[in-house]
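Got chain Z; can you put chain G on it based on the hints?
From first to last, the protein sequence lines stand for chains Z and G.
The opening residue of the first sequence carries number 90 in the working numbering; numbering runs sequentially from there.
The opening residue of the second sequence carries number 90 in the working numbering; numbering runs sequentially from there.
If you are wondering where the hints come from, they were derived from the structure by calculation, not from laboratory data.
Don't take each hint at face value.
Identical chains share a label here; the pair holds if one copy fits it or two copies do between them.
Said to hold, decoys possible - Pairs of lysine-lysine residues, derived as BS3-like cross-links and limited to a Cα-Cα distance of at most 27 Å, are as follows:
| id | residue 1 | residue 2 |
| --- | --- | --- |
| 1 | Lys512 | Lys284 |
| 2 | Lys116 | Lys375 |
| 3 | Lys498 | Lys270 |
| 4 | Lys685 | Lys409 |
| 5 | Lys685 | Lys270 |
| 6 | Lys685 | Lys512 |
| 7 | Lys409 | Lys486 |
| 8 | Lys685 | Lys95 |
| 9 | Lys270 | Lys657 |
On a predicted model such as this, the values are computed, not experimentally measured, just so you know.
There are 2 protein chains.
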Amino acid sequence: MSTMVKYEEKPLKIVGTRPIRPDGVDKVTGRARFAADYSLPGQLIGKVLRSPHAHARIKSVDTTAAQSLPGVKAVVTRDDFADMPSEFAAAGELTINFRDVTRNMMAREKVLYDGHPVAAVAAISESIAREALKLIKVEYEVLPHVIDVVEAMKPDAPLLHEEQFTDGVTPKPDKPSNIAKRLVFARGDLEAGFKQADIVVEREFNTKPVHQGYIEPQACLASASEDGQVELWTGTQGHFVFRAQCAKVLQMDVGKLRVVPTELGGGFGGKNNIYTEPLAIALSRKSHRPVKMVMTREEVFRATGPTSGANVKVKIGCTKDGRIIAAEAELNFQAGAFAGSSVGMACPCTFTRYDIDNVKVVGHDVTVNRPKVAAYRAPGAPIIVFGVESVIDELAKTLGIDPIEFRLKNAAKEGTQTYYGPKLGPIGYIETLNKAKAHPHYSAPLGLNQGRGIATGFWFNIGMETSSRLNVNEDGTVTLIMGTVDVAGGSRASMAMMVAEELGIAYDRVRPVIGDTTTLGFNFITAGSRGTFAGGMAAVLSARQAIERLRQRVAQIREVALEDVLWKDGSAVPAPGSAKQFTPMSLVEIARMAGKTGGSISGQSEINAQGAGPGFCTHIVDVEVDKQTGAVKILRYTIVQDVGKAIHPAYVEGQMQGAAVQGIGWSLNEEYFYGADGVLQNPGFLDYRVPVASDVPYIDTVIVEVPNPNHPYGVRGCGEVSIIPPIAAISNAINNAMGVRLRSQPMSPPVVLKALGEAAGGKSKG
Amino acid sequence: MSTMVKYEEKPLKIVGTRPIRPDGVDKVTGRARFAADYSLPGQLIGKVLRSPHAHARIKSVDTTAAQSLPGVKAVVTRDDFADMPSEFAAAGELTINFRDVTRNMMAREKVLYDGHPVAAVAAISESIAREALKLIKVEYEVLPHVIDVVEAMKPDAPLLHEEQFTDGVTPKPDKPSNIAKRLVFARGDLEAGFKQADIVVEREFNTKPVHQGYIEPQACLASASEDGQVELWTGTQGHFVFRAQCAKVLQMDVGKLRVVPTELGGGFGGKNNIYTEPLAIALSRKSHRPVKMVMTREEVFRATGPTSGANVKVKIGCTKDGRIIAAEAELNFQAGAFAGSSVGMACPCTFTRYDIDNVKVVGHDVTVNRPKVAAYRAPGAPIIVFGVESVIDELAKTLGIDPIEFRLKNAAKEGTQTYYGPKLGPIGYIETLNKAKAHPHYSAPLGLNQGRGIATGFWFNIGMETSSRLNVNEDGTVTLIMGTVDVAGGSRASMAMMVAEELGIAYDRVRPVIGDTTTLGFNFITAGSRGTFAGGMAAVLSARQAIERLRQRVAQIREVALEDVLWKDGSAVPAPGSAKQFTPMSLVEIARMAGKTGGSISGQSEINAQGAGPGFCTHIVDVEVDKQTGAVKILRYTIVQDVGKAIHPAYVEGQMQGAAVQGIGWSLNEEYFYGADGVLQNPGFLDYRVPVASDVPYIDTVIVEVPNPNHPYGVRGCGEVSIIPPIAAISNAINNAMGVRLRSQPMSPPVVLKALGEAAGGKSKG
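So that you can see chain Z by itself, here it is in the shape it has in the complex (with noise of 0.2 Å):
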């Protein structure tokens, strides 16, 4: 199906409100269904044995105690799984190697991080599933471990797998590595450009791995018939994506597995990718009972991807007058146990805020024994950002350029060749900027040991395969059942509001549901931004699709022609300048007599969404730094992006001021510590610090509305700019303030003064 569905200014009567959404209440009642939510009948519990090892060939797995405890009523280990050969294959829109999601789901050879899974069981209860697990003997060889991305990288590092040889490196290596993969994106001739250049600057950074802070630890609850069908309940941002893959792990009929997507609390990109799934349906297939696993917080942290952990180099050089003339980037990305790290979206969106003739950005995804990695909002993007907005923010300094006036000189705009592939279309990234900088709060007076910071950011959209559907209900209500998850940030709503203005009836008739993989044609993942984007091009087009069979209707009942028939304001009225006139028809008195003429009324689509809009952002943060203790305290925050246009603009705040918080939780405070032993000392968010509300300030936000030509109302990609300039523009505020400048994550109390005390001693600069 064509998505010819362009944007047209016209006037709004629901878009741009702020209702409230469909989910709310039942969220603050308790009343959502989360996945932990669910229970069958004779269900079972399963748990998952993990390693205690970072790096180990597993010898042997012994489950004969665990099976003869009673009330465990099954055992599953690597026997129990088909082994899948090293090549990328197809499942659900995404290419992925298989051998890989089978051994990260359960070991095979070796472990590969604390956490790994090496055994499972399923018992009448979560006590008894705890013993068997203690009655698994599991023999390891202990192997030497990496868990840094640079140590990992060099040659004699310990090896996570024999048969991994870098790709994308010519002639084809001879000898293993743990770089699984180098990319390289190139424009124009660095040399020359940076030969040209009046200053070059060029710096190195490294970031720590950090978590998503989704709320819900990964659940599900699987039912397998003997006849090989399957339901199964999970919290995922793409029950399509995760019926594919278990479908393909258990060598089964995509057709017969239906995946129910539960109530999400909170994904942020951890919730695209399987655990314990293909677990409880192996383990149900063999219990013949139904069989829930639900991750402890513990679990979660040892053995669910985080954001990679990387070491970034960056080198600019700019003219006198502040114009970039070659900017190059080394990006090496922890990829955890597996490769398929997110540097391969981070390396186009090192410099793409910026137009610039003579760029090259490398990037290297490193496999170390850490669970691999898995996306976390605008994926990658906030890592490099952090070191080329740091970067920028020293040379506007060091040339006496105002940050923003010096961003203002470089900006991309429409038309901008990005160094990646396309040209850029209509965007805001400038006018982000000039907002900013037009904004109180960046002219406003600081204090003491205040400092203030500017960091931009860009941020991809993306489309991909969508489907919706709407029934109009025998009363005029509006059914629409929708396939892209609604990851908590309020798609329902937007999505409600589209469909209604569209039929020209109140929002509150509409009634938005995420449907099962068995309601709906396929549909992608909520990921790149693409939920409202996506969901609500496929939303608008079976609302265009309804209103055609509406209009189709009422010409039959008034004995009219079709193009006589016009739809407004919720009615199907004569058309102006037609010759045949008729009483109005509105969509309820349509509604009451459609079974009448001919059968209820509808509206589908299914898509590949086609002409996403990126999205830019310009944050401002003040910050003070105590002295004393090194702790950085946000003062005020104020972030200005540019979202095409925003349906609910509330939730678009919120995904903004959200986007921020969980930016400021991973500049100032969040890491994970593991030990000597490659072991994660800080499982939980007692240790592992995630923002409070007491840490940060109201972020104020600015709304700039540039529409994406593509989508009918405008929209481009709006959740995960946001969470990309806060590590840079807190660290150039801590500059701002202090003079010191930090090129490591997070900047937390000890890693402050400990940089205070070397820049009193001489030592910082910048």
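Quick look at chain G alone, frame taken from chain Z:
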């Protein structure tokens, strides 16, 4: 949408075979989820306080003590529901009287039958809920009651509804009556007809209400949110109709109520009506907790609808050579406490097996102090056909004509003008008579005290609103989503077979699923033998739309015109004679590329199915009567039935066999015993005796296939027809065996013994 899908003879690969049903394994392993198997966190248990009187005025209901019992979270009474006027209002394709619906679910001014709900409570346990019921004080003024239909029709009978005046009588009566409605169907000149007749037989028959005998009691689970949205899981034959009715009585938007149909443990017409559903929702609204309500078997018997008990009079006149000239009948049907028996359906069924010039049928719908009747497989038809086929038998016997021959002389056929309106289309009645006559059973020898009976049946088939959808998954498997509940008869299998046949793929590559009310447009209840007819038509239309889209994709991929692409055996191939040749693509290949060629591929249809085809059957039964006990043993039973086309012959045979078994139970054993106080004395399967396996022989079946020209596979209604003849056939067989003719049901041992005794004393005739 048009339903222009006519029958077309073609070679079939899947339709007509006997694959395993997709719901089979789960039902035998206990995995199938019936309504009572659903649970939600924090759910309460709801129980109903029911009237102990057959008829009483409610003077007061005091729930104070119940409400203060610890653990009780909500109590509802009549005061919690809106009163509604006595008028017929549309709800979900039915036009019904909501005054009665609200009063049946919860008594208002009066209780009208033993078991009538008076209050309902929700508590944290069933025992507390039961305790709370005992604390509710109801003050009754007991009124005289009437439970017999003939008594209730008398002018001085106790009156159920003071405001009920007989409808259908001119002039409008000035006195209220228990006769809610009088119906008249007539054709020709009855008086002249009877004058022409050589022989006239006039007889009176009486039948008792009988229960549908579904194994699963009614159950539901409701969860109402504070924002007005409600979810309801329930065992129903029509979730869209339940949605419409609950929304109406609870005065809410249809779109705010999501009804999930659970697996159904039998319905047979008994699960078309809401009982505890609105009470559960009201209790959930009030308690802010989910509420589960499961009826006990006693409640099912006391308070849900059986079929009508009836008094019928039949008069038929024919010529000496067996040509029927005139026929008259009066049908007096118990409606139970509220108007709306199946007399309106029974009247047109009375004589429609025969081509008769002069006919008059009068029906009365009569309210009595019993639970409001519900549908029961071919509602009303078995009752009146008992009378008519008995009289036909008597006429044939009197004239010495073979009973099948007699029927053949008078048989309806294509073009026969009915007395209720339409001319009959292509039907297979004569074919069933001829095949029965030729069947070895018909000429097999009989022993002492053994007899053979014949009877025939006709039943309608309806279309109504139907929606379906199928999604082609990325591996080429197909999910078919339907809105017609599979009332345990195997319609999921049949519809998957038709879809597989259309698509040219294997049966087990199609997964059929019953969607909840959010997933599809409106679907009428599974009733009137419409499931496989209308649901199948919608499924075929969905498959054909998907094929059209598959062809479009191939045209796009192969760069050929759509008309050059033919769909054949699961692949797109070059159309014969087409200039453009291309490499064929299978469904799997197209599906794999769907995302990249525009999005996933689906097919939908929403229809109001037209052209339903009625069914006819002929039954042969042999009985042996035990002269000592009066017990009637069924020795042999053969059904010959026209089903149009048996999509899945085994399930069609199962329908025929199951219907006959229910008819056998109805004939010989089943009845409600009410005491003089109007209280039911046998509310359970221990005292209400349904047939068990040892009561019935293997039921032999002969499928006749006279295709319905209006259905793509020739399907006509098949599920109900064969419950119609058994009572008459068995009575005719008893007469054949022993010379006595029984004109009341059940023909239980005491009744038979009495008749044999009277015959021995010279009192029986016929």
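Tested hints:
{"no.": "1", "hint": "Lys512 with Lys284", "result": "within (26 Å within a copy, 96 Å between copies)"}
{"no.": "2", "hint": "Lys116 with Lys375", "result": "between (35 Å within a copy, 18 Å between copies)"}
{"no.": "3", "hint": "Lys498 with Lys270", "result": "neither (35 Å within a copy, 87 Å between copies)"}
{"no.": "4", "hint": "Lys685 with Lys409", "result": "neither (77 Å within a copy, 48 Å between copies)"}
{"no.": "5", "hint": "Lys685 with Lys270", "result": "between (62 Å within a copy, 26 Å between copies)"}
{"no.": "6", "hint": "Lys685 with Lys512", "result": "between (53 Å within a copy, 22 Å between copies)"}
{"no.": "7", "hint": "Lys409 with Lys486", "result": "within (12 Å within a copy, 119 Å between copies)"}
{"no.": "8", "hint": "Lys685 with Lys95", "result": "between (35 Å within a copy, 21 Å between copies)"}
{"no.": "9", "hint": "Lys270 with Lys657", "result": "neither (55 Å within a copy, 45 Å between copies)"}
Checked against the numbered hints above, the structure violates hints 3, 4 and 9; every other hint is satisfied.
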